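> The residues making up each chain are set out below.
Number of protein chains: 2
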Amino acid sequence: MELYGERGFDQTTVAEIAARAGLTERTFFRHYADKREVLFGGGEMLAERLAAAVAGAPDLARPLDAIAAALEEVGGLIQAARGRDFARARRSIIAANAELQERELIKLASWADTLAGALNARGVDDRVARLAAETGIAVFHVAFDRWVGDDEDRDLPTLIRESFGELKALAAERRTPATARG
Amino acid sequence: MELYGERGFDQTTVAEIAARAGLTERTFFRHYADKREVLFGGGEMLAERLAAAVAGAPDLARPLDAIAAALEEVGGLIQAARGRDFARARRSIIAANAELQERELIKLASWADTLAGALNARGVDDRVARLAAETGIAVFHVAFDRWVGDDEDRDLPTLIRESFGELKALAAERRTPATARG
Chain A
914 MELYGERGFD QTTVAEIAAR AGLTERTFFR HYADKREVLF GGGEMLAERL AAAVAGAPDL
974 ARPLDAIAAA LEEVGGLIQA ARGRDFARAR RSIIAANAEL QERELIKLAS WADTLAGALN
1034 ARGVDDRVAR LAAETGIAVF HVAFDRWVGD DEDRDLPTLI RESFGELKAL AAERRTPATA
1094 RG
Chain B
914 MELYGERGFD QTTVAEIAAR AGLTERTFFR HYADKREVLF GGGEMLAERL AAAVAGAPDL
974 ARPLDAIAAA LEEVGGLIQA ARGRDFARAR RSIIAANAEL QERELIKLAS WADTLAGALN
1034 ARGVDDRVAR LAAETGIAVF HVAFDRWVGD DEDRDLPTLI RESFGELKAL AAERRTPATA
1094 RG
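Going line by line, the protein sequences match chains A and B. Sequential numbering from 914 applies to the first sequence in the working numbering. Sequential numbering from 914 applies to the second sequence in the working numbering.
Pulled out of the complex, with its shape left as it was, chain A reads as follows:
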């Protein structure tokens, strides 16, 4: 990760990454399928956790609440597994490489597909499931950006919960002074 930051993703070889980590190239490849895996590894496991969380939500949970709870849970896993410093370094690397930005967007889009499918399997109408999943991922994306922001020290799950609360305020029919034009 440090190497990506110093040199840029494209200029860093697997051999260099392995050497920095004190591993042979062969050992490195036992852990990671390729360089990208260092940045995007675990994405599919997290998608499975999202699906399981939605499937396990209380029977009466509303679609957006089931999505919010699933994303909060996965937010907790992301924070526990790698932490904010890793996420901040990762963000800098991705921001400097268009291909990695695309990969990040594709990952989030696939999570939205996973969430929509999991809601649908609970009997939520396909159109409603799609809308709840896509907007849920948008809220997660915003919360994640807040989490890696320079002046933020609160937990990722807290920021996800806060962002869903803000969405509810934004979408409420009544005027709320906090969101009106200043």
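Fair warning: there could be bad hints in the mix.
Stretch-level coverage of chain A by chain B, calculated; a stretch enters the list once three of its residues show a Cβ under 8 angstroms from a Cβ in chain B [said to hold, decoys possible]:
| hint | region |
| --- | --- |
| 1 | 958-969 |
| 2 | 993-1000 |
A few chain A residues facing chain B, derived, Cβ under 7 angstroms [as the list claims (entries may be wrong)]:
| hint | residue |
| --- | --- |
| 3 | I1006 |
| 4 | L1013 |
| 5 | R1043 |
| 6 | T1048 |
Using C-beta positions, here's what the derived DEER-type ranges look like [to be verified]:
| hint | chain 1 | residue 1 | chain 2 | residue 2 | range |
| --- | --- | --- | --- | --- | --- |
| 7 | A | G1062 | B | G989 | 34 to 40 angstroms |
| 8 | B | G1030 | A | G955 | 31 to 37 angstroms |
| 9 | A | E1065 | B | D1068 | 37 to 43 angstroms |
| 10 | B | E1065 | A | G989 | 34 to 40 angstroms |
It is worth saying that the hints were derived from the structure and are not from the lab. These numbers were taken from a predicted model, which means no experiment stands behind them. From the three backbone atoms N, C-alpha and C, an ideal C-beta is built for every residue, glycine too.
Fit chain B to the supplied structure of chain A, relying on the hints for placement.
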């Protein structure tokens, strides 16, 4: 567009597209910067229209309503300029090509940036602006998919309005039977 559908995007040359359209390759290039431009041309112009619509929203418009109105307006432009048949053919081509899917996601992400910037310029707090813009684009994406769906004949602006209405219902604190588990 037909050629992309018949052969796939990567297998179609500019010369073939130009010939099918009854143009020389040189004339074609006066119209389109490259092959991708046929699919993604106009994206920046539409981003400008989004920004102008948000800037011109009524002083008291709430952030999400300003976003919804801007996307409805641009939805009307998209429908008028190229129509649903073009959009359906375009969807099939993009669905078959990972690089084009990424390009589509990048375009939508840049529209979200544009909308957030335009709200911010109206005095909306940066965090709220980002949240409203990202969720607005998620709603637009869902509405657009509905519009190009096989069994849909309503207008794109109508579907955008309907989807924002559904988001408000999803995000409302009260339980709404329509979205409860079936």
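> Take the hints in turn and mark each one as holding or not.
Results of checking the hints against the structure:
By the rule of at least three residues with a Cβ nearer than 8 angstroms to a Cβ of chain B, the coverage given for the region 958-969 of chain A is violated, with 0 such residues. Here's how the region 993-1000 of chain A fares: 0 of its residues keep a CB closer than 8 angstroms to some CB of chain B, so the rule of at least three is not met and the hint is violated. Using the Cβ-Cβ criterion of 7 angstroms, the hint placing I1006 (chain A) at the interface with chain B is not satisfied: the shortest such distance is roughly 17 angstroms. With a least beta-carbon distance of about 11 angstroms to chain B, the hint placing L1013 (chain A) at the interface is violated under the 7 angstroms criterion.
At a threshold of 7 angstroms, the smallest CB-CB gap from R1043 (chain A) to chain B is about 5 angstroms, leaving the interface hint in force. Interface hint status for T1048 (chain A): upheld, as the beta-carbon distance to the closest one in chain B is roughly 5 angstroms, under 7 angstroms. One distance hint, 34 to 40 angstroms for the beta-carbon pair G1062 (chain A) and G989 (chain B), holds here, with the actual separation near 36 angstroms. Between G1030 (chain B) and G955 (chain A) the Cβ separation comes to about 32 angstroms, which falls inside the hinted range of 31 to 37 angstroms.
Remark: the range hint 37 to 43 angstroms for E1065 (chain A) to D1068 (chain B) is upheld by a beta-carbon distance near 41 angstroms. At roughly 38 angstroms, the beta-carbon separation of E1065 (chain B) and G989 (chain A) lies within the given 34 to 40 angstroms, and the hint holds.
Hints 1, 2, 3 and 4 from the list above are not met by this structure, while the remaining hints are.
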